[in-house]
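Trainee: Protein sequences, first through last, are from chains B and H. All residue numbers for the first sequence refer to the numbering used here, where the first residue is 1 and numbers rise by one. All residue numbers for the second sequence refer to the numbering used here, where the first residue is 1 and numbers rise by one.
By construction, these hints were calculated from the structure, which means they are not laboratory data. Some hints could be false.
Only pairs whose alpha carbons sit at most 27 angstroms apart, straight line, appear in this in silico DSSO-like list of lysine-lysine [claimed, not checked]:
no. : chain 1 : residue 1 : chain 2 : residue 2
1   : B       : Lys136    : H       : Lys21
2   : H       : Lys5      : B       : Lys93
3   : B       : Lys129    : H       : Lys3
4   : B       : Lys191    : H       : Lys30
5   : B       : Lys129    : H       : Lys34
6   : B       : Lys132    : H       : Lys34
7   : H       : Lys21     : B       : Lys155
8   : B       : Lys203    : H       : Lys21
9   : H       : Lys34     : B       : Lys72
10  : H       : Lys34     : B       : Lys93
11  : B       : Lys132    : H       : Lys30
12  : B       : Lys136    : H       : Lys34
13  : B       : Lys20     : B       : Lys2
14  : B       : Lys136    : H       : Lys14
15  : B       : Lys191    : B       : Lys47
If you want the ones that stay clear, here's a sample from chain B, every Cβ over 12 angstroms from chain H, calculated [to be verified]:
no. : residue
16  : Ser17
17  : Ala57
18  : Gln73
19  : Ser180
20  : Arg185
21  : Glu225
22  : Gly344
Some chain B residues flagged as far from chain H (calculated, every beta-carbon gap over 10 angstroms) [as the list claims (entries may be wrong)]:
no. : residue
23  : Ser154
24  : Arg164
25  : Arg166
All C-beta atoms in this analysis are idealised placements derived from N, C-alpha and C, irrespective of residue type, glycine included.
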Amino acid sequence: MKESKVLTRRVGKYKPSDLKGYEALGGLQALRRALAMGPESVIEEIKRSGLTGRGGAGFPTALKWASAAQEKQQPKYFICNADEGELGTFKDKVLLDGDPWAVLEGILIAAYAIGAEQAYIYIKGEYEKTAKLWDKLANEAQIAGLLGEGILGSKFSVSLHVVRGRGPYIAGEEFALIASLEARRPMSRLKPPYPTEEGLLGKPTVVNNVETIANVPVILAGGAEEYRQLGVEDEPGTRLFSLSGDVKKPAVYELEIGSGTLQELISELGQGTKNGRPIKAVQPGGGTSALLGRDSLGCKLTAQAISQAGSSIGTAGVIVYQEGKSAVDIVKGLLEFYGAESCGRCAPCRIGVVRMKEIVDTLSRGEGTADDLAQLREIGKASVAVATCGMGQAFPLPVLSALELFPEDFEAAVQKNPQ
Amino acid sequence: MAKFKMQTYQNLVKDSGGATKENLFSLLGKVQDKFGCVPREVVRDLAAKTRVAEARIYGALTSYGDFKIELEPES
């Protein structure tokens with residue numbers, strides 16, 4: 001299995017502060033082409049490329065843009081979501097630090113396409129150095145005429161707010177992120193209306209993940225047809241896989257979509273499990289994706305194949321668990337994180353995540369009962385079915401899948417009970 | 001961490017091109033980073049400038065782990 005460096009091809013090749021270095025490596029061609037094409041053709045080109053969101057939900061990018069572009073309300077906003085909070089996901093940081101000008105170029109093209117004059121980048125609070133780098137970058141871009149009035153001699157004007165997040169995981173969810181930018185508590189809400197209709201300060205807003213946006217200059221520079229040469233028919237392009245957990249070489253690997261299997265990613269690029277033990281389970285799409293057992297390791301790395309196997313590609317954060325750990329402890333670790341992160345808006349998540357965490361704690365102490373297992377299933381299924389946002393709908397999935405895949409681990413936890 | 005001075009804060013607002021609903025969150029962050037907390041008088045002033053209720057800003061500040069409304073006592 002080989003990496004295909006497309007989005008990461010410039011990482012480490014120029015100093016992040018060096019705009020000239022970026023231009024020498026082919027930078028800004030896409031923006032120039034976009035400004036010459038006009039907004040509608042830009043959206044058309046992205047549509048033909050088949051680009052989908054890389055932040056977890058996988059929504060077609062061009063549809064979002066077109067829906068915001070057709071809104072009559074002004075002003076419109078573009079937000080680049082760099083609040084990379086999902087467990088086991090650290091790919092956006094590679095782009096933000098390693099090829100920031102490409103991300104900025106993508107932001108400018110997106111803002112131009114939807115008609116936004118104000119753009120935001122919301123950077124995860126823990127990425128303090130990254131936020132400082134972006135503050136500097138925004139200043140330099142202003143001086144170079146890439147931000148402000150009349151960009152590169154065109155009639156297009158846009159300003160960029162570099163905003164650092166302030167802690168909560170849920171602020172990476174698009175409505176919570178918008179609430180946060182409005183200086184409100186970061187809480188999700190029901191949709192519709194979608195952000196493209198009623199987003200930041202009630203105005204049409206597009207929220208795109210960093211990796212999604214980094215694809216935009218690639219598509220515009222080479223054209224949609226060339227882009228579609230990468231990946232598979234239904235899922236063109238590459239993806240950044242964040243590989244972590246019990247592997248020898250955890251890192252971010254850029255792969256052409258569908259170019260290999262989970263097993264190959266783990267054993268070839270990741271050089272196998274830490275102690276050479278067999279793999280017990282894998283989460284292919286970040287901490288809220290369902291566990292896959294050993295039988296599914298031959299699964300191709302496409303959204304479709306992973307979803308057929310019973311999980312989801314999500315943020316492409318692949319977390320590996322080797323034999324030797326009980327599934328109860330695996331889900332305990334996950335619930336320890338999510339148990340503190342519900343925004344509190346809806347009951348299934350607010351109460352459910354805490355109750356599930358309590359039950360799993362009880363089980364891991366060997367004090368559980370068969371009733372506890374039934375409750376764990378019931379609460380989990382309820383939250384998946386009726387929670388407001390992606391977090392509530394997804395955090396129970398690893399628990400539910402663990403109950404299916406490793407019932408013996410849970411039964412062992414119950415049997416330890418002296419009663 | 002700088003000691004809080006109303007003048008320093010006012011300069012910060014000026015350097016950010018004034019206080020608006022659109023940059024309120026980012027301003028609160030800058031105040032937090034500069035002074036280690038967002039003091040009451042700042043909340044009051046920003047509320048007046050942005051026409052956002054003081055209570056709402058207070059509510060937001062106290063819900064994020066990284067914001068403080070007063071300096072933590074020195075230990």
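Trainee: Each hint needs a verdict: does it hold in this structure or not?
Mentor: Comparing the hints with the structure gives:
{"no.": "1", "hint": "B:Lys136 to H:Lys21", "in the structure": "holds, 23 angstroms"}
{"no.": "2", "hint": "H:Lys5 to B:Lys93", "in the structure": "violated, 35 angstroms"}
{"no.": "3", "hint": "B:Lys129 to H:Lys3", "in the structure": "holds, 23 angstroms"}
{"no.": "4", "hint": "B:Lys191 to H:Lys30", "in the structure": "violated, 32 angstroms"}
{"no.": "5", "hint": "B:Lys129 to H:Lys34", "in the structure": "holds, 16 angstroms"}
{"no.": "6", "hint": "B:Lys132 to H:Lys34", "in the structure": "holds, 14 angstroms"}
{"no.": "7", "hint": "H:Lys21 to B:Lys155", "in the structure": "holds, 26 angstroms"}
{"no.": "8", "hint": "B:Lys203 to H:Lys21", "in the structure": "holds, 13 angstroms"}
{"no.": "9", "hint": "H:Lys34 to B:Lys72", "in the structure": "violated, 40 angstroms"}
{"no.": "10", "hint": "H:Lys34 to B:Lys93", "in the structure": "holds, 25 angstroms"}
{"no.": "11", "hint": "B:Lys132 to H:Lys30", "in the structure": "holds, 12 angstroms"}
{"no.": "12", "hint": "B:Lys136 to H:Lys34", "in the structure": "holds, 17 angstroms"}
{"no.": "13", "hint": "B:Lys20 to B:Lys2", "in the structure": "violated, 30 angstroms"}
{"no.": "14", "hint": "B:Lys136 to H:Lys14", "in the structure": "holds, 18 angstroms"}
{"no.": "15", "hint": "B:Lys191 to B:Lys47", "in the structure": "holds, 23 angstroms"}
{"no.": "16", "hint": "Ser17", "in the structure": "holds, 21 angstroms"}
{"no.": "17", "hint": "Ala57", "in the structure": "holds, 24 angstroms"}
{"no.": "18", "hint": "Gln73", "in the structure": "holds, 15 angstroms"}
{"no.": "19", "hint": "Ser180", "in the structure": "violated, 6 angstroms"}
{"no.": "20", "hint": "Arg185", "in the structure": "violated, 4 angstroms"}
{"no.": "21", "hint": "Glu225", "in the structure": "holds, 39 angstroms"}
{"no.": "22", "hint": "Gly344", "in the structure": "violated, 9 angstroms"}
{"no.": "23", "hint": "Ser154", "in the structure": "holds, 23 angstroms"}
{"no.": "24", "hint": "Arg164", "in the structure": "violated, 6 angstroms"}
{"no.": "25", "hint": "Arg166", "in the structure": "violated, 4 angstroms"}
This entry does not satisfy hints 2, 4, 9, 13, 19, 20, 22, 24, 25, going by the numbered hints stated previously.
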